[in-house]
Amino acid sequence: MTNSTQELHLQSLSELASTLHSKKASAVEVAQHFLKRIQADKTGAFLDVNAESTLAQARSSDARLTTGTGGCLEGVPIAHKDVFVTRDFVTTAGSKILTNYRSPFDATVVQKLAHGVNSQSGAGMVTLGKLNCDEFAMGSGNENSAFHPVRNPWDATRVPGGSSGGSAAAVAARLTPAATGTDTGGSIRQPASFCGITGIKPTYGRASRYGMIAYASSLDQAGPMARSAEDCALLLSAMCGPDLDRDSTSLDVATENFSAKLTQSVKGLCIGIPKEFFGEGLATDVRIAIDAALKILETQGAQLVPISLPRTELSIPVYYIIAPAEASSNLSRFDGVKFGHRAKDYTDLVSMYKQTRAEGFGEEVKRRIMTGAYVLSHGYYDAYYLQAQKIRRMIADDFQQAFTQCDVIAGPVAPSVAWTLGHNASDPLADYLADIFTLPASLAGLPGMSVPVGFGDAHMPVGMQLIGNYLQEATLLNVAHQFQLATDFHMQSPQRGAAL
Amino acid sequence: MSKLVQGYEVVIGFETHTQLSTQSKIFSRASTAFGAEPNTQACAVDLALPGTLPVMNVGAVERAIEFGLAVNAHIAERSVFARKNYFYPDLPKGYQISQFEIPVVQGGEVSFFFEEGKETVRKTVRLVRAHLEEDAGKSLHEDFVGQSGIDLNRAGTPLLEIVTEPDMRSSDEAVAYAKELHKIVTWIGICDGNMQEGSFRCDANVSVRKPGAELGTRREIKNLNSFKFMQQAIDYEVRWQIEQIEDGHAIQQATVLFDPDTGETRAMRTKEDAADYRYFPDPDLPPLCVARDWVERVKCEMAELPRVMAERFVTQYKLPEYDATTLTQSKAMAAYFETAAQVCEQPKLASNWVMGEVSRRLNTNDGGFDTIPVSATQLGALIARIHDNTISNNAAKDVFDALWNDAATSSTDKAAALQQVDAVIDAKGLKQMNDSGALEAIIDEVLAANPDNVTQYRAGKDKAFNALVGQAMKASKGKANPAQVNEMLKKKLS
Amino acid sequence: MSLTTLDIQRIANLARLALQPAEEARMLDKINDFFGIVEQISAVDTTGVVPMAHPVDAMRNSPEMALRLRADTVSEPNQREANQQSAPAVENGLFLVPKVIE
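Chains as they are written, first to last, in the working numbering: chain A, 302 to 801; chain B, 1155 to 1648; chain C, 485 to 586.
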């Protein structure tokens, strides 16, 4: 791999780390390189960019690199999905209701990737800015951002996926070597698939949710999005870990060095293929790419086993009851009293609330707040919310049943490649239905990954999903890595493909 | 038998919010100290800043367990936190974290005595539950025109909400319950009981009905933070409801506030849909598990509960129940009594003194049993001297007076205390005359000087006897032992 | 189960959202479509199934996740200024809102 400064944006995370350690480039130079690219960017991936803050961080990194006191990724750039609160940058969650919001604290995940938490040191990464996303992480195409949509770097007329659309586009367009995303119903996996990059949602509770603006508390998880499984492994190790003092849902599970676990062959690995993921709804071009990828894994020694996840389709109504219910409550704090937008015209307290929230929230967010409030309301709770939570457990049990027959589960991430901007504008339900393959793992809290496996119609990227049992992120990363050793889909970028 | 008002039976249930005496808040590490500058004790979690999450304070749980043990309730091994959703400026998250379907404390009861007319009645109020939740902030209206100022220092203070069955039948009963509950929570140390500061707030659910009829519609009087107001508010509300019904109006369920200036209750602005709180288990908080052995540990470490101590006073000291309950009003009073009783070995006398003379003094001097100038040992010594006939009861009051006003520190050592008491007796010359010879001489003199009384007494007039006793006491300058005088006179006159 | 405009108005009020009539109509339409898909859950027999409020519940070999309890210590200093830096209206440290009428 080349090391010259012109191609800093083509380097992997470990390559950048070594470039910086060996002083071939300084953290400031590296940051400036990416900031320049961001300035020329047309995807709309970034929301807040603040060169001063970035360069100040880079200078600190350079100081640490000189004294040898840096973290494992000291000076390497990262960008954060705008649902992670940051002190040095504005945080909006893609919403007008948080216009110009400055958090007095950093999210735990941000701290872990930068300068650490309490006595634990961080990775030392430098923040390039905040990444665009669907408003409050609600959406599958980043078209619900209150500010502007994001364009897929592979085809500017298409969506990058969502809700971590900005993160996926930024990595694909090499505006940042890696990014953080969040996944509630597929929001890391699906945009990774649509943009041809690698992303992983760990087991629920593996990464701290402190400082991650909540959408659906029992589903939200932070995860890395990067060019390769190798890079994702590095980041995931840095991001994960117990946050017992601040997040009551954080798992008390030791941090893991995922990078050290990428050396196992897939020979004898049993891969479960759920028949429900390969039905009529799956587009042919996607099916062909996934089948080809599975063939490669077979030649590497893996065994494919047919399995069933019978309640796959039910995961749609179940998710779209639970997530909006939790969201309707989580978003009540946006009331114009303590922070964020407040309407200018109102007559009294109640009208202040109503106007503020009407002006501050976009239509999809309002819709989910409404359905969420409805399914929790008196008389409907049992039939909707409670029933959904019960089916949720059944879905989780279905996975456990499947895992008695296989080690990992593989299939598509989405039923099609990225659609064109505005395509689903009048039909939000179509977006919901397209989540069918990612929702089940979210509901069960299982780790799930997206790996680029080729291209479909219009030369748009296709991602393959890998789902593992609880705490089996190492297995997923390893399978992905083995696949990436034998292929180069993950190395391709729009610059070499379609022009931007 | 409940006492009827204008022919109606009054039905009252209470919900009491007690602020738990933890250092930090229930879900954050900000301080709970009272009186800080606005919003200086409201951290990011308390302000519901985006991305913040709750983390549970063990001190709040421990206090809930202590309460559950104190009222003989069931402590749930598994209880769940739920979100109560509504919008209000003092509620930063737009929901309150509380407990709904499965509270940590279930059942329980509170027993107490209260005066119903001339009778002392023993009453037990059943508890439905007690659950943990967070307090809201405060709205200040005075300094702002058309606006309110919100202080979130109080937001997140741990509360234990204690709910009763509608077992009370009069405002007297309700106030007696509230006082007993107040005593329990302060005794076991889970709440400082400071009602002016809002540590102990009661909501009274009040309804009326004709005896035998179904429960009437209730109205809830919120935020009663003084016993006096509780009494006034309930009395007014009862009269108001009865008047409404008599005028042919149905009672609408409502939340009302008591106005101490007017003495009236008035319905709050109706919050439509206020009842639809859309409760659901809080996904940020896994279920609270309280293992049996934790409960046992707390039980062992808890000070003797007032009810248990009262029962012990009855069996150990043979005190009447009323005495035992009165003496266990506070830990300090009970300890004071017990020390005095052990010193003089006359528990009933000690009880009389503590409930009587000593309490009277404390009320006028606005002090407490822990800062009293006469030590329990000294009181015990004093009572010992009454019992061994060194001084009369009346004389003892003088001695007590002197000890109270004496600036010198009072002793907690029995021998030294006896010395101090004896010193005062001698200085004031209060020693009772016990010499029967000298007494006999005085009595003979009195009898000789009052022949008419003697005749009248022999004729059956008891008043004449008392007059002779009076004369004898006077002649002895109050030092004679009245019992002895009585005995001797009777003998001589028989 | 079909919602009416009255339902929309009631929920919008509960959720403190001001909706214009056109928005109300759109919302009603889309939400009814949505409930069209959701109805299928009523056909599922969930007798005896314990609802799953926390995903960790399903992790094999781990006891039900219990709420972690932290020590009762104060460690949050006064950070009023930083915490109020994004507040819409503040005076003398208090958050200002339209008068709260009780």
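Note that these hints are calculated values from the structure, not bench results.
The beta carbon of each residue, even a glycine, is placed where N, CA and C say it ideally should be.
Honestly, I wouldn't trust all of these hints.
Not everything, but these chain A residues come out facing chain C in the computed CB check (under 7 Å) [claimed, not checked]: (1) Glu316; (2) Ser549; (3) Ala593; (4) Val638; (5) Gly680.
Below, a list of computed lysine-lysine pairs in the DSBU-like style, where the Cα atoms sit at most 35 Å apart [said to hold, decoys possible]: (6) Lys514/C <-> Lys1238/B; (7) Lys397/A <-> Lys1238/B; (8) Lys514/C <-> Lys645/A.
Evaluated hints:
The closest approach between the C-beta of Glu316/A and any C-beta of chain C is roughly 36 Å, which is over the 7 Å cut-off, so the hint fails. With 7 Å as the threshold, the beta carbon of Ser549/A comes within range of chain C, its nearest partner Cβ sitting at about 6 Å, so the hint holds. Checking Ala593/A against chain C: minimum C-beta separation of about 32 Å lies over 7 Å; hint violated. For Val638/A, the shortest C-beta to C-beta distance to chain C is roughly 6 Å, which falls under 7 Å, so the interface hint holds.
Violation of the interface hint for Gly680/A is found here, the shortest Cβ-Cβ separation to chain C being roughly 11 Å, above the 7 Å cut-off. For the suggested pair Lys514/C and Lys1238/B, the alpha carbons sit about 27 Å apart, so the restraint of at most 35 Å is met. Among the hinted pairs, Lys397/A with Lys1238/B is consistent with the structure: their alpha-carbon atoms are about 26 Å apart, no more than 35 Å. The suggested pairing of Lys514/C with Lys645/A holds, with an alpha-carbon distance near 29 Å, which does not exceed 35 Å.
Hint compliance for this structure: hints 1, 3, 5 are not met, and every other hint is.
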